[in-house]
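Trainee: Residue numbers (our numbering), protein chains in the order written: chain V, 816 to 1030; chain X, 69 to 318; chain S, 129 to 350.
No lab work stands behind these hints: they were computed from the structure. Using N, Cα and C, we set each Cβ at its ideal position, and we do this for glycine too. Wrong hints could be hidden among the right ones.
Sample of chain X residues at the chain V side, in silico, Cβ under 10 Å [what the hints assert, rightly or not]:
| # | residue |
| --- | --- |
| 1 | Pro111 |
| 2 | Pro112 |
| 3 | Arg151 |
| 4 | Glu216 |
| 5 | Pro218 |
| 6 | Arg220 |
| 7 | Asp244 |
| 8 | Ala297 |
| 9 | Arg300 |
| 10 | Arg304 |
Computed far set for chain S versus chain X, every beta-carbon distance over 10 Å [stated by the list, open to error]:
| # | residue |
| --- | --- |
| 11 | Gly170 |
| 12 | Pro173 |
| 13 | Arg178 |
| 14 | Val186 |
| 15 | Leu194 |
| 16 | Pro218 |
| 17 | Leu219 |
| 18 | Pro237 |
| 19 | Ala253 |
| 20 | Ile260 |
| 21 | Ile276 |
| 22 | Leu293 |
| 23 | Val300 |
| 24 | Phe305 |
| 25 | Leu314 |
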Amino acid sequence: MTLFEGRDLDCVRGERQVFAGLSFAVPSGGALVLHGPNGSGKSSLLRLMAGLLKPSRGHLAWDGRAVADDPDAHRARLQYLGHLDAVKSVLSVAENLDFWASAQGDGAAGVAAALERTGLAGLAEVPARMLSAGQRRRLALARLFVNRADLWLLDEPTVGLDEDSIGRLQAGLADHRRAGGRVVVATHTALDLPKAERLDLSAYQPPEDAGLEPW
Amino acid sequence: MPLHRFANPGRFMRLADRLLPWTGGLAVLAIGIGLVLGLFVAPPDYQQGESVRIMYVHVPAAWMALFVYTCIAVASAVSLIWRHPLADLAAKASSPVGAAFTFLALVTGSLWGKPMWGTWWVWDARLTSVLVLFFLYLGHMALMTAFEDPARGRKAAAVLALVGFVNVPIIKFSVDWWNTLHQPSSVLRLDGPSIHPDMLWPLLAMAVGFKLYYVLLLLIRIKSELIEARLRALGRAAMTSAPAPAPVAQ
Amino acid sequence: MVGAALSLAGRDLRLALRQRSDAGTVVLFFVLVASLFPLAIGPAPNVLLRIAPGVIWVTALLAVLLSLERLFLADFEDGSLELLTLAPTPLSLLVLAKCLAHWLTTGLPVILAAPVIAVLYGLEADAFAPLIGAMLLGSPSLSLIGAIGAALTLGARRGGVLVPLLVLPLYVPVLIFGVLAVDAALAGLPARPHLLLLGALLLAALPLAPIAAAAALRQAVE
């Protein structure tokens, strides 16, 4: 059973220290839910896990091996969903998804199924500019189901989603975990994630005088 | 860039304080010697007369233009590969100094050109390459300050400096190529075929003096960057600890 | 890997076609600016002939520059860039794909319009082949070098003004060799050495520029 873990992570954005001394571990099939007030570093932690940000201290490990040693392998096993939907308005729903299917792997076969899962099958040929905010979010979520990735990093996945879509997302998450996938999610909506671990980022706020050691 | 990531700002500050008077004193001494030798001791040129004395400022300044850019490229490589924060600050502190030397080289070249060629500006291969180098410096400085987050500016400028450094020889080659095709050797070369020792010594003294002056400015500017970063950190600490935004200065 | 890069180039081309903006505007700008020079300088044929290679090249340079800012901006703003940097395909290869699409939508249309300008300036037919050859070899370098500047200025406060400041000095060699190739042909000299130098620049820019631009993009999404 492989473990995705981070040890003693410090994160700095701009010149501000966001959190310090943070550790976590997500086993295969596990779920980690990030909590904390605005600005406590939930998005930063997800970006750090994805490798978009580098920790200023500490390190990430996958199955005991440092992620920084083989960033390509790490990128190949993750799917990241940020605040932005990465949807091109002039392309149709299917074209948007087709592109990410081939850009992120070889998942062209999964496009129809992914549209089905997110309830977008009926809108496949519609230009994305006609979509509502919630539908765009669902299109972004559909990427998760196109290419098989072990680690899902989801930043506020439920923004703009209706109840039905949240239900579909939960079903998708459950399937993903049953198949051995793991998920880290930052959310303010209560998502039904059985046996999920909680990580409260307010416990890792840096001391006020961080960065002010005596000279 | 958090202060705690500086290898050790305190140690750098102490080292800088110890070095400052020495570099300052030696720079004044070397430039003084160079000026006295260049302006009074060295002989006037048999063709160019007294105006040749501009050379003692112009040539070392042009050397510095390339030297400082090389330093920036090295510092940028160190910062990108080993992420050493002092290297970032050294690159940031260097580029206005380098730009100033480049500008000095251009102005003195132009002043020298007036009595020599009868015009302020000639599209001579050397002057043209120095002009392009000046633009590279300006781009570096502009990129450095173009972002809300100073750390992003420093990193972007590091990439630009390396790209520019790779390009400097190519630009130099292309300008030489262009110049030989457009102005076949009608331009009087700036340097004579061989140089008399009486002219060499002031030139070397000035070159050493300029380099020391650069080190002096580098130390001062890195120091002030460190102090500025500490002030910003103090300001943030005051903002987060006080219930209402409190004035930083106490 | 190559498949992912090609699909990115294909997507960019499709976006350009659907938005019908870039290629047309760039060519229009090119023709418009090039036809301003005779109005400013006067219609004397010998003068126009003398400045034609320079005008064509400088105008082409500016036209490419005009479109550079948008090279990565849309992807940066809608979040696609983050995902591209996380894709399993090397980012430098994806940059190369975007440069290819950029060249096809700006460099190539400008080359196709260049003979029109050449005719307006009374350039002899002998000089057409070197002109087109030089532009074919030189304009991809403009896209590649420009990509570095576009990537470095993502998220900058004044990106639009900054790109020319960063990129134009780096364009100097392409400009010089490009103009000299046409000048040589006009003087009855071989254009080959200049074309070879343009080719050498392209061969150097092809692997190096995407690496630098990729490094800049990673900084931009950090």
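Trainee: If a hint holds in the structure, say so; if it doesn't, say that too.
Mentor: For each hint, the structure was consulted:
1. Pro111: Check failed: Cβ of proline 111(X) comes no nearer than 53 Å to chain V, outside 10 Å.
2. Pro112: 54 Å, violated
3. Arg151: 8 Å, holds
4. Glu216: 8 Å, holds
5. Pro218: 7 Å, holds
6. Arg220: This interface hint holds because 8 Å falls under the 10 Å limit.
7. Asp244: 42 Å, violated
8. Ala297: 7 Å, holds
9. Arg300: Constraint on arginine 300(X) satisfied, holds at 6 Å.
10. Arg304: OK, holds: arginine 304(X) within 10 Å of chain V, min 6 Å.
11. Gly170: 22 Å, holds
12. Pro173: At roughly 22 Å from the nearest Cβ of chain X, proline 173(S) sits farther out than 10 Å, so the non-interface label holds.
13. Arg178: 12 Å, holds
14. Val186: The claim stands: valine 186(S) keeps its Cβ more than 10 Å from every Cβ of chain X (closest is about 14 Å).
15. Leu194: 18 Å, holds
16. Pro218: With a cut-off of 10 Å, proline 218(S) remains clear of chain X, as the shortest Cβ separation is near 17 Å.
17. Leu219: 13 Å, holds
18. Pro237: Proline 237(S) is indeed farther than 10 Å from all Cβ atoms of chain X, at 26 Å.
19. Ala253: 23 Å, holds
20. Ile260: 21 Å, holds
21. Ile276: 6 Å, violated
22. Leu293: Its Cβ does come within 10 Å of chain X, the nearest being 5 Å, so this is violated.
23. Val300: Not fine: 5 Å to the nearest Cβ puts valine 300(S) too close to chain X.
24. Phe305: 6 Å, violated
25. Leu314: Non-interface label on leucine 314(S) holds, nearest chain X Cβ at 13 Å vs cutoff 10 Å.
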